[in-house]
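Undergrad: Every letter in the sequence shown is one number past the one before it in my numbering, and letter 162, counting from 1, is 162.
No lab work stands behind these hints, which were simulated from the structure alone. Any given hint might turn out to be false.
Unchecked claim - Within a straight-line C-alpha distance of at most 35 Å, the following computed DSBU-like cross-link-like pairs (lysine-lysine) qualify:
1) Lys-88 - Lys-141
2) Lys-152 - Lys-25
3) Lys-141 - Lys-25
4) Lys-101 - Lys-152
5) Lys-25 - Lys-115
6) Lys-101 - Lys-88
7) Lys-94 - Lys-61
8) Lys-141 - Lys-94
9) Lys-141 - Lys-119
10) Lys-88 - Lys-152
11) Lys-101 - Lys-61
12) Lys-94 - Lys-152
13) Lys-94 - Lys-25
Unchecked claim - Label pairs and their in silico Cβ distance ranges:
14) Pro-57 - Ser-221: 34 to 40 Å
15) Lys-88 - Leu-68: 28 to 34 Å
16) Gln-26 - Lys-61: 20 to 26 Å
17) Tyr-29 - Ala-102: 37 to 43 Å
18) Arg-86 - Gln-54: 24 to 30 Å
19) Thr-64 - Arg-193: 39 to 45 Å
20) Gln-54 - Asp-204: 26 to 32 Å
21) Pro-65 - Asn-103: 19 to 25 Å
22) Gly-36 - Arg-193: 20 to 26 Å
23) Trp-197 - Phe-43: 21 to 27 Å
We treat Cβ as the ideally placed atom computed from N, Cα and C, and that holds for glycine.
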Amino acid sequence: MKESHNQAVIFDLDGVLVNTGEFHKQSWYDLAEQEGFSVTDEFFYRTFGMQNYQIIPQLVKDITPDELDRMSVWKEARFRELIRGRLKLLDGAKTLLANLKANQYLLAVGSSAPKVNLKFMLTETGAYDDFDTLVCGQDVKNGKPAPDTFLKAAETLQILPSRCVVVEDALQGVQAAHAAGMPAVAVTTTRTRADLWQAERIVDSLSELSTQDFNELLHTSS
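Based on the sequences and whatever the hints tell you, model everything.
TA: Listed below in structure tokens is the structure:
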């Protein structure tokens with residue numbers, strides 16, 4: 001690792017770098033139809049960004065670990081079927097990633113997504129090689145709003161948590177960033193500004209952000 005690398009940006013994936021909400025929602029409805037339980041739009045948006053082990057027990061009472069795993073695997077495979085050939089980075093993402101890299105920022109993804117999905121989505125969008133590390137739900141004990149995901153990313157990058165900025169689209173992610181001691185930028189891709197009020201900076205698109213914004217957040221938090 002280069003000595004000049006003393007700061008990092010950790011991006012959530014779904015709703016930040018790519019907009020996969022409708023594909024995830026459809027895969028949940030398809031799972032519900034197959035398994036005989038019901039899902040509502042309200043439930044989907046309330047739990048979006050959480051891990052399957054946190055979501056499925058709210059839909060199926062007294063579910064066994066094996067059944068939970070089976071449903072989770074099926075749901076994610078269905079999701080990958082739906083997005084194949086249809087996924088692209090959100091506006092401003094590619095330029096922002098390139099600018100941050102050019103200004104000596106290490107880049108990570110910290111996502112609740114299963115690793116197979118994470119790698120699949122980044123490969124589909126051509127962004128896989130832009131990141132120095134990937135942290136997914138399987139890499140940590142506790143999902144967001146616990147800080148584990150972002151702390152694991154910082155540890156892997158060998159960067160102090162106080163030198164990391166998180167980019168999120170969900171309240172649970174903003175709370176996880178703060179629990180990890182990191183400032184958060186929130187993008188209103190899937191939530192309103194009112195929902196994301198706890199973030200240090202709120203934008204409607206990654207195209208509104210520059211390296212200078214992250215420099216200022218790290219300076220203010222230090």
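Undergrad: Please go over all the hints and tell whether each is borne out by the structure.
TA: How the hints compare with the structure:
1. Lys-88 - Lys-141: holds, 30 Å
2. Lys-152 - Lys-25: holds, 28 Å
3. Lys-141 - Lys-25: holds, 25 Å
4. Lys-101 - Lys-152: holds, 20 Å
5. Lys-25 - Lys-115: Measuring from Cα to Cα gives roughly 19 Å; hence the hint holds.
6. Lys-101 - Lys-88: holds, 20 Å
7. Lys-94 - Lys-61: Outside the cut-off at roughly 42 Å; violated.
8. Lys-141 - Lys-94: With a Cα-Cα distance of about 31 Å, the restraint between Lys-141 and Lys-94 holds, given a limit of 35 Å.
9. Lys-141 - Lys-119: holds, 20 Å
10. Lys-88 - Lys-152: holds, 27 Å
11. Lys-101 - Lys-61: Measuring from Cα to Cα gives roughly 46 Å; hence the hint is violated.
12. Lys-94 - Lys-152: holds, 24 Å
13. Lys-94 - Lys-25: holds, 25 Å
14. Pro-57 - Ser-221: 34 to 40 Å: Distance hint for Pro-57, Ser-221 holds at roughly 36 Å.
15. Lys-88 - Leu-68: 28 to 34 Å: holds, 32 Å
16. Gln-26 - Lys-61: 20 to 26 Å: Holds - the Cβ-Cβ distance for Gln-26 and Lys-61, about 24 Å, lies within 20 to 26 Å.
17. Tyr-29 - Ala-102: 37 to 43 Å: This hint holds: roughly 42 Å between Cβ atoms.
18. Arg-86 - Gln-54: 24 to 30 Å: 27 Å Cβ-Cβ, so the 24 to 30 Å window holds.
19. Thr-64 - Arg-193: 39 to 45 Å: holds, 41 Å
20. Gln-54 - Asp-204: 26 to 32 Å: holds, 28 Å
21. Pro-65 - Asn-103: 19 to 25 Å: violated, 45 Å
22. Gly-36 - Arg-193: 20 to 26 Å: violated, 38 Å
23. Trp-197 - Phe-43: 21 to 27 Å: The hinted range 21 to 27 Å holds for Trp-197 and Phe-43, with Cβ atoms some 23 Å apart.
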